[in-house]
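Build the full structure now, drawing on both the sequences and the hints.
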Amino acid sequence: MFEKKDLLIIVPFLIIAAGIFAWFNLRSSAGGIAVVEKSGVEICRIDLSKQTKTEILDIGGDMHIKLKVEPGAISFYHSDCPDQICVRTGKLTKPGQTAVCVPGKVSVRIIQRSGEKKYDGYTGWHQ
Amino acid sequence: MNQKRKAIPTNINIAPRSLSIALLGVLTALALVLSALESLLPPLPVLPPGAKLGLSNIVTMYTAGAEGLLPAVCIAIVKGLFSGMLRGFTAMLMSLCGGVASTFVMWLLLKIPKKPFGLIGLGVGGALTHNAAQLVVAIFLTTPAVVYYIPWLILFGILSGILTGMVLRIIMPLLNRIP
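First to last, the sequence lines map onto chains A and B. Counting from 0, one number per residue, gives the positions in the first sequence under numbering that gives the first Met the number 0. Counting from 0, one number per residue, gives the positions in the second sequence under numbering that gives the first Met the number 0.
Warning: the hint list may mix true and false statements.
As the list claims (entries may be wrong) - In silico lysine-lysine, DSBU-like type, Cα no more than 35 Å apart, as pairs:
#, chain 1, residue 1, chain 2, residue 2
1, A, Lys-93, A, Lys-67
2, B, Lys-113, A, Lys-4
3, A, Lys-104, A, Lys-49
4, A, Lys-37, A, Lys-65
5, A, Lys-3, B, Lys-110
6, A, Lys-93, A, Lys-104
7, B, Lys-114, A, Lys-3
8, A, Lys-93, A, Lys-52
9, B, Lys-113, A, Lys-3
10, A, Lys-65, A, Lys-104
11, B, Lys-114, A, Lys-4
12, A, Lys-4, B, Lys-110
Stated by the list, open to error - Sample of chain B residues lacking proximity to chain A, with all beta carbon distances greater than 12 Å (derived):
#, residue
13, Asn-12
14, Leu-18
15, Leu-22
16, Gly-24
17, Leu-80
Just so you know, these hints were derived from the structure itself, not from any lab. Using N, Cα and C, we set each Cβ at its ideal position, and we do this for glycine too.
Spelled out as C-alpha cells, the structure:
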C-alpha cells in the first residue's frame, strides 16, 4: 500500500512536529498569565496563579463569548460559533498554550510571568 | 489516476465533453456530500480542536489526477462556498484557502516526472498543505499565537492524508471503470 518514497514526505514532517512539540513543552512550566485578545487587540490579562475562585468572564463580541477562569486554568466556556473549536480546546494551563475562536476573533494564550522568564540569552537594549 | 480516457462504448452516443461535464458534476456533488457528512460526525475527544478527516480531499485528489488542475480547483472553490453557506464566512475563507492550496500542491506532486509518490504521499502532501493554509488564515484573523497548534496540525494532517490516500487506493479500481 505504501510507496517507499511516500515516507520522504511523512517522516520529515513527523520529526518537525515532534521537535516543535518538544520545544513548546520543555520551556514551559505550569502557571502564567492569560492574555485575552479580541480582533488582535489585547483586552485583559489574568494572572492564573493568583486566581482563587472560578468565575465566568463575559467577552461578548459577535459570538457572545464567555471565558471560564479557574485557579491555574482558563478555558472557553461558551461561544455561539458553529464549530465550537474554541470550547473543545479545553483548559489552558501552561505558558504557550492557545485557544482561539476564529469566527469570534477572540484568542486566549498563556504567557510566562515576567519575573520568571527563562531566556538563554538576550540581545538589544537593556532598560 | 493517470488513465487515459477510454473510447466511449459505441452503444452510448455522448460527446466526451458532455461525459466530462457530467462526471465533474457528480464529483462536485460527492465532495459536498462528504464535507457535509464529515461535519455531522461527533467530535472525537482524542482529536485536537478543529481536526477533520478531510474526506472531500479524496475527490479533489482524484479530479486533479484524472481531469486536471482547473476542474479540481473549481470543485475546491464550490466546496468552499458551500461551507460558507453552512458554517459562515470564516469557515468559507478557511475552506477556500485550504482547499485551493492543497489541490494545487497535489497537482504539482502529480506533475513531478517519474511519479515518485503514491496516493498516500499525495494525500499527506495535500492534507499538510490544507492545514498550513488554514493556519495562515487563522494567524491573519486572530493572533500569531495559533502556531501552538502546529505539531497537532502536522500529526493529524499526516494521519488524515494516509486515510484519504488509502481510501482512494481502494476505490481506484472502481473509478477506473468510468469511461
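Tested hints:
no. : hint                  : in the structure
1   : A:Lys-93 to A:Lys-67  : holds (16 Å)
2   : B:Lys-113 to A:Lys-4  : holds (12 Å)
3   : A:Lys-104 to A:Lys-49 : holds (27 Å)
4   : A:Lys-37 to A:Lys-65  : holds (12 Å)
5   : A:Lys-3 to B:Lys-110  : holds (18 Å)
6   : A:Lys-93 to A:Lys-104 : holds (22 Å)
7   : B:Lys-114 to A:Lys-3  : holds (12 Å)
8   : A:Lys-93 to A:Lys-52  : holds (18 Å)
9   : B:Lys-113 to A:Lys-3  : holds (14 Å)
10  : A:Lys-65 to A:Lys-104 : holds (13 Å)
11  : B:Lys-114 to A:Lys-4  : holds (10 Å)
12  : A:Lys-4 to B:Lys-110  : holds (15 Å)
13  : Asn-12                : holds (40 Å)
14  : Leu-18                : holds (30 Å)
15  : Leu-22                : holds (26 Å)
16  : Gly-24                : holds (27 Å)
17  : Leu-80                : holds (16 Å)
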